[in-house]
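Following the numbering used here, the numbering of the sequence shown begins with 1 at its first residue and continues without gaps.
Because the hints were derived from the structure by calculation, they are not lab data. Here the structure is a predicted model, which means the values were calculated and not measured. Where is the CB? At the ideal position from N, CA and C, for every residue including glycine. Watch out, some of these pointers could steer you wrong.
[Said to hold, decoys possible] If you anchor each label on the Cβ, the simulated ranges turn out as follows: (1) 98 / 127: 26 to 34 Å; (2) 87 / 23: 42 to 50 Å; (3) 26 / 121: 32 to 40 Å.
[What the hints assert, rightly or not] Below are the DSBU-like pairs computed for lysine-lysine, each with C-alpha atoms no more than 30 Å apart in a straight line: (4) 86 / 36; (5) 105 / 28; (6) 105 / 64; (7) 57 / 86; (8) 28 / 57; (9) 36 / 64; (10) 64 / 28; (11) 86 / 64; (12) 39 / 105; (13) 28 / 39; (14) 36 / 105; (15) 57 / 105; (16) 86 / 28; (17) 39 / 64.
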Amino acid sequence: MSAFTGRDVLVEYAIADESATIGSLTFKRLGMMRGKSMKTSWDTVDTTADQSPGFTKTSLVTFKAVEFTGDGVSYDDAVYNQNEFKAHVISPGGATANQPKAWIKMTDPDGGVYVGPFIVSEWSDERPYADAATWSISAASNGNVSFTPG
Numbered sequence: 001m002s003a004f005t006g007r008d009v010l011v012e013y014a015i016a017d018e019s020a021t022i023g024s025l026t027f028k029r030l031g032m033m034r035g036k037s038m039k040t041s042w043d044t045v046d047t048t049a050d051q052s053p054g055f056t057k058t059s060l061v062t063f064k065a066v067e068f069t070g071d072g073v074s075y076d077d078a079v080y081n082q083n084e085f086k087a088h089v090i091s092p093g094g095a096t097a098n099q100p101k102a103w104i105k106m107t108d109p110d111g112g113v114y115v116g117p118f119i120v121s122e123w124s125d126e127r128p129y130a131d132a133a134t135w136s137i138s139a140a141s142n143g144n145v146s147f148t149p150g
């Protein structure tokens, strides 16, 4: 596959906690997005000791963290699912033990897919005087997030 643009990347969510199975989830598109980002990082520990080869620092990884961030233009059309997701983040219900938890799935045009459970740490609404109203979201992995190449 050749290069692609971010507007062709699909972002979906399902309101459920981390114990849900992927097959039981109903994903809905989070529409009218602009920026979409999935970042994976690992915590490391220093394993350097007095006999480390060549006086070179050595390390091991301990835990993986995945962060999803995105933003879009605010629309009130139900088809874009923005208000449903926003309402869940601001006032999460009993289905997720009153925690802003959701599964997020990001699919690239080449078929590559990130999917996993997240806890939404931030929802932001921007309402400038003379510009489009926008929103943004940040979410941290809350269990195993996988990537399957297309």
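Between residue 98 and residue 127, does the beta-carbon spacing fit 26 to 34 Å?
27 Å, holds
Take the C-alpha atoms of residue 36 and residue 64, compute the straight-line distance between them, and say whether it is at most 30 Å.
Holds: residue 36 and residue 64 sit about 20 Å apart, inside 30 Å.
Take the C-beta atom of residue 26 and the C-beta atom of residue 121, compute their distance, and say whether it sits inside 32 to 40 Å.
Cβ of residue 26 to Cβ of residue 121: about 24 Å, so the range 32 to 40 Å is violated.
Please verify whether residue 64 and residue 28 have alpha carbons no more than 30 Å apart.
26 Å, holds
Whether the CB-CB distance between residue 87 and residue 23 falls inside 42 to 50 Å
For residue 23 against residue 87, whose Cβ atoms are near 26 Å apart, the range 42 to 50 Å is violated.
With a cut-off of 30 Å on the C-alpha distance, tell me whether residue 28 and residue 57 pass.
Cα-Cα ~46 Å, so violated.
Distance restraint between residue 86 and residue 64, which requires alpha-carbon spacing of 30 Å or less
Cα-Cα ~27 Å, so holds.
Run the distance test for residue 105 versus residue 28: straight-line Cα separation, threshold 30 Å.
Measuring from Cα to Cα gives roughly 10 Å; hence the hint holds.
Is the hinted pair residue 86 and residue 36 satisfied, with a Cα-Cα distance of at most 30 Å?
17 Å, holds
Assess, step by step, whether the Cα of residue 86 is no farther than 30 Å from the Cα of residue 28, and give holds or violated.
It holds: about 13 Å lies between the C-alpha atoms, which stays within 30 Å.
With a cut-off of 30 Å on the C-alpha distance, tell me whether residue 36 and residue 105 pass.
Status holds; Cα separation ~11 Å.
Straight-line Cα separation of residue 39 and residue 105 no greater than 30 Å?
13 Å, holds
Checked against the numbered hints above, the structure breaks hints 2, 3, 7, 8, 15 and satisfies the rest.
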